[in-house]
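K.L.:
Line by line, the protein sequences give chains X and Y.
Here the first sequence stands for residues 1 to 103, where the numbers follow the numbering used here.
Here the second sequence stands for residues 1 to 211, where the numbers follow the numbering used here.
The hints are simulated quantities; they were obtained by calculation from the structure and are not laboratory data.
A few of these clues could be false.
What the hints assert, rightly or not - Below, simulated DMTMM-like cross-link-like pairs (lysine to aspartate or glutamate); rule was C-alpha separation at most 25 Å, straight line:
no. : chain 1 : residue 1 : chain 2 : residue 2
1   : Y       : Lys96     : X       : Glu29
2   : X       : Lys66     : X       : Glu29
3   : X       : Lys103    : X       : Glu29
4   : Y       : Lys96     : X       : Glu95
5   : Y       : Lys96     : Y       : Asp25
6   : X       : Lys103    : Y       : Glu14
7   : X       : Lys99     : Y       : Glu58
8   : X       : Lys103    : X       : Glu10
9   : X       : Lys55     : X       : Asp70
10  : Y       : Lys207    : Y       : Glu14
11  : X       : Lys66     : X       : Glu89
12  : X       : Lys103    : X       : Glu82
13  : Y       : Lys96     : X       : Asp31
14  : X       : Lys99     : Y       : Glu14
15  : X       : Lys99     : X       : Asp31
16  : X       : Lys55     : X       : Glu67
17  : X       : Lys99     : X       : Glu4
18  : Y       : Lys96     : X       : Glu57
19  : Y       : Lys96     : X       : Asp70
20  : X       : Lys66     : X       : Glu82
21  : X       : Lys99     : X       : Glu67
22  : X       : Lys55     : Y       : Asp183
23  : X       : Lys99     : X       : Glu89
24  : X       : Lys55     : X       : Glu29
25  : X       : Lys55     : X       : Glu89
26  : X       : Lys103    : X       : Asp70
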Amino acid sequence: MSEEPIVLNETIHQSTRLRIMTLLVSRSELDRVAYGFIQQTLGLTGGNLTIHLRKLEDAGYVTATKEFLDRMPRTWVTATSEGRLAFTEYLGSLERALKVTFK
Amino acid sequence: MQDRNSEEQRITPEQGWQSIQSTLDRSRSAMYVAGWPNIMLLWGAIVALGYLAMYAVETLATGFADDYPWYPGPLWFGLCIPGMIGSSMIGYRASKQNASGPSATAAGLRVFGFWMTVVAAAFIIPGASGLWSSDHDPAAIRGVAIGIIALGYILFGIMHHLAIGLVGIGIAAAYYLPTHFADGAGPALAAALILAVVAVAWVWIRKSRVA
Chain X
1 MSEEPIVLNE TIHQSTRLRI MTLLVSRSEL DRVAYGFIQQ TLGLTGGNLT IHLRKLEDAG
61 YVTATKEFLD RMPRTWVTAT SEGRLAFTEY LGSLERALKV TFK
Chain Y
1 MQDRNSEEQR ITPEQGWQSI QSTLDRSRSA MYVAGWPNIM LLWGAIVALG YLAMYAVETL
61 ATGFADDYPW YPGPLWFGLC IPGMIGSSMI GYRASKQNAS GPSATAAGLR VFGFWMTVVA
121 AAFIIPGASG LWSSDHDPAA IRGVAIGIIA LGYILFGIMH HLAIGLVGIG IAAAYYLPTH
181 FADGAGPALA AALILAVVAV AWVWIRKSRV A
């Protein structure tokens with residue numbers, strides 16, 4: 001019987017997007033993370049972060065909302081339930097891929 | 001261009017695993033150090049002010065210091081109240097700008113608890129050791145208290161950011177060296193050096209965008 005091939009979610013399995021998803025999923029579902037905080041913590045440029053967030057938003061993994069805080073515009077980013085599920089599945093696939101690598 | 005960029009950033013499963021681990025560490029520490037430069041500057045100013053006030057009392061109002069040898073207790077207590085209120089406000093504001101929700105609140109409370117424990121220990125340990133009695137040199141109380149505060153910085157730095165640990169070492173050096181080598185002017189010189197250490201650290205952290 002042949003083993004099922006391991007498929008890593010292409011949307012998540014990319015250097016920047018994996019870090020963005022890790023940062024967002026490590027917080028509770030009720031948490032919102034500021035765009036600037038993601039940018040500073042991961043050391044990304046604004047343009048780079050926007051490109052990857054858009055890709056994650058298109059996949060339905062994150063949502064971005066804009067609001068004013070102390071009269072300053074602020075963008076908040078949250079991982080959706082779908083994104084959390086996809087990330088959990090990705091972790092399962094990653095674990096299997098690592099087991100194969102180190103077998 | 002965008003796809004080519006993504007292709008360039010393709011990673012192996014091992015790199016993916018390492019990336020998850022490092023991001024978790026980094027994001028946790030980033031939450032804990034939110035607003036920290038301003039809090040550090042505030043406490044640096046409070047500590048410097050406290051030591052300058054003690055130096056002034058001990059050199060300009062020696063009679064007062066003899067009549068009320070316990071005066072450093074109320075002095076520091078009075079200075080610590082605005083410090084606690086100020087750090088809570090700065091920390092709350094900084095964490096609100098970074099994230100909102102239960103994780104951010106929990107991180108804020110944990111940091112607040114850590115620093116309040118350090119401040120309380122700086123009072124309680126000299127008291128429990130019997131140093132607050134009039135038989136002891138007030139310099140011994142200052143020495144123990146500053147050591148505990150510096151230890152707090154070093155421990156927090158080991159856990160979250162090396163820069164904070166270096167500030168702790170700087171504060172300890174800024175206090176102990178002048179106290180041992182500058183005789184009477186030691187406390188005043190130490191106060192000025194502590195303020196200088198936190199001011200330099202504040203500028204460096206702001207420039208390097210650590211927090």
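K.L.:
Next step is simple, just say for each hint if it's right about the structure.
P.N.:
To see whether the hints hold, each was checked on the structure:
1. About 17 Å separates the Cα atoms of Y/Lys96 and X/Glu29, which keeps this hinted pair within 25 Å; it holds.
2. In summary, the hint linking X/Lys66 to X/Glu29 is supported, as the alpha carbons are separated by about 18 Å, within the 25 Å threshold.
3. Of the supplied pair hints, the one linking X/Lys103 and X/Glu29 is violated, its CA atoms being roughly 35 Å apart against a limit of 25 Å.
4. Proximity of Y/Lys96 to X/Glu95 is assessed by CA-CA distance (about 35 Å); at most 25 Å being required, the pair is judged violated.
5. Pair hint Y/Lys96 plus Y/Asp25 holds up; C-alpha atoms about 20 Å apart against a cutoff of 25 Å.
6. For the hint linking X/Lys103 to Y/Glu14, the alpha-carbon distance of about 13 Å falls within 25 Å, and the restraint holds.
7. At most 25 Å may separate the alpha-carbon atoms for a hinted pair to count; X/Lys99 and Y/Glu58 exceed this at roughly 69 Å.
8. For a cut-off of 25 Å, the pair hint linking X/Lys103 to X/Glu10 stands: about 24 Å separates their Cα positions.
9. Our distance criterion of 25 Å between C-alpha atoms is broken by X/Lys55 and X/Asp70, whose separation comes to about 29 Å.
10. For the hint pairing Y/Lys207 with Y/Glu14, the CA-to-CA distance comes to about 33 Å; that exceeds 25 Å, so the pair is violated.
11. Distance check on the hinted pair: X/Lys66 and X/Glu89 sit about 29 Å apart at the alpha-carbon level, beyond 25 Å; violated.
12. At most 25 Å may separate the alpha-carbon atoms for a hinted pair to count; X/Lys103 and X/Glu82 exceed this at roughly 31 Å.
13. For the given pair, Y/Lys96 sits about 11 Å from X/Asp31 by alpha-carbon distance, which is consistent with the 25 Å threshold.
14. A C-alpha spacing of about 10 Å is found between X/Lys99 and Y/Glu14, which places the hinted pair at or below 25 Å, so the restraint holds.
15. With a C-alpha separation of about 33 Å, the suggested pair X/Lys99 and X/Asp31 falls outside the 25 Å cut-off, and the hint is violated.
16. Proximity of X/Lys55 to X/Glu67 is assessed by CA-CA distance (about 21 Å); at most 25 Å being required, the pair is judged to hold.
17. With a C-alpha separation of about 14 Å, the suggested pair X/Lys99 and X/Glu4 falls inside the 25 Å cut-off, and the hint holds.
18. The hinted pair formed by Y/Lys96 and X/Glu57 meets the criterion: a straight-line CA distance of about 23 Å does not exceed 25 Å.
19. For the hint linking Y/Lys96 to X/Asp70, the alpha-carbon distance of about 11 Å falls within 25 Å, and the restraint holds.
20. Distance hint between X/Lys66 and X/Glu82 is fulfilled; the C-alpha atoms sit about 21 Å from each other, no more than 25 Å.
21. Straight-line distance between C-alpha atoms of X/Lys99 and X/Glu67 comes to about 44 Å, which puts the hinted pair past the 25 Å bound.
22. As the CA atoms of X/Lys55 and Y/Asp183 are separated by approximately 65 Å, the hinted pair breaks the 25 Å bound.
23. Distance check on the hinted pair: X/Lys99 and X/Glu89 sit about 16 Å apart at the alpha-carbon level, within 25 Å; holds.
24. Distance restraint check for X/Lys55 and X/Glu29: the Cα-Cα separation of roughly 20 Å lies within the 25 Å cut-off, and the hinted pair is therefore satisfied.
25. In summary, the hint linking X/Lys55 to X/Glu89 is supported, as the alpha carbons are separated by about 18 Å, within the 25 Å threshold.
26. With a CA separation close to 54 Å, the supplied pair X/Lys103 and X/Asp70 exceeds the 25 Å bound.
The structure does not agree with the numbered hints 3, 4, 7, 9, 10, 11, 12, 15, 21, 22, 26 stated previously, though it agrees with the rest.
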